[in-house]
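Residues 292 to 419, numbered by the working numbering, are exactly what the sequence shown covers, in order.
Worth flagging that the hints you see were computed from the coordinates, not collected in a lab.
Heads up, a few of these hints could be off.
Computed spacing ranges between beta-carbons, pair by pair [stated by the list, open to error]:
| id | residue 1 | residue 2 | range |
| --- | --- | --- | --- |
| 1 | F326 | D373 | 29 to 39 Å |
| 2 | W402 | L336 | 31 to 41 Å |
| 3 | S391 | F326 | 18 to 28 Å |
| 4 | P407 | K338 | 30 to 40 Å |
| 5 | L381 | Y340 | 30 to 40 Å |
Straight-line C-alpha distance at most 16 Å; calculated EDC-like pairs for lysine to aspartate or glutamate [stated by the list, open to error]:
| id | residue 1 | residue 2 |
| --- | --- | --- |
| 6 | K403 | E374 |
| 7 | K399 | D387 |
| 8 | K399 | D410 |
| 9 | K399 | E413 |
| 10 | K390 | E321 |
| 11 | K403 | D387 |
| 12 | K399 | D382 |
| 13 | K390 | E325 |
| 14 | K403 | D373 |
| 15 | K390 | D410 |
| 16 | K390 | E374 |
Computed from a predicted structure; not experimentally measured.
Cβ coordinates follow ideal geometry from the N, Cα and C atoms, glycine included.
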Amino acid sequence: MLSLSISSNSVEKGDLSSSSCSGTDHVRTESAVEFYELLKEWNILCKEYIVGGYKNGKSDSKASNVDASNVQAHDDSEISSDEFAVLRLLDICYGDPAKSGEHGLKFKVRWKGYAPSGDTWEPIGNLW
292 MLSLSISSNS
302 VEKGDLSSSS
312 CSGTDHVRTE
322 SAVEFYELLK
332 EWNILCKEYI
342 VGGYKNGKSD
352 SKASNVDASN
362 VQAHDDSEIS
372 SDEFAVLRLL
382 DICYGDPAKS
392 GEHGLKFKVR
402 WKGYAPSGDT
412 WEPIGNLW
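Please take these sequences and the hints and turn them into a complete structure.
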């Protein structure tokens with residue numbers, strides 16, 4: 292098993308010494324295979340949405356091809372009772388953190404209008 296410690300201070304400074312990890316936000320233990328799968332999935336996401344090729348100073352990535360004038364804000368009245376709005380993505384992993392029996396790329400989601408106790412692990416396909 293591989294233990295991962297996440298500390299916002301140590302990540303920003305690039306310092307992963309034991310003293311810098313004393314204020315970790317959380318620790319997650321996962322197998323080396325699942326961590327490797329996470330790295331592969333992260334690489335795919337970065338290539339698809341962030342690292343797109345640049346031509347003439349413009350990005351070809353999907354994330355930068357979004358025209359802000361075409362993005363419409365949804366107010367709460369537009370969300371049907373069977374839909375939930377994502378407030379924030381809190382974490383990412385590859386595996387089965389919710390013990391659902393389904394392994395894969397998962398995001399820990401904070402839902403708009405819900406307390407942290409309502410946070411859930413969701414497969415990427417549920418977030419489209």
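* Asked: Of the hints stated earlier, which fail here?
  -> 2, 5, 11 and 16
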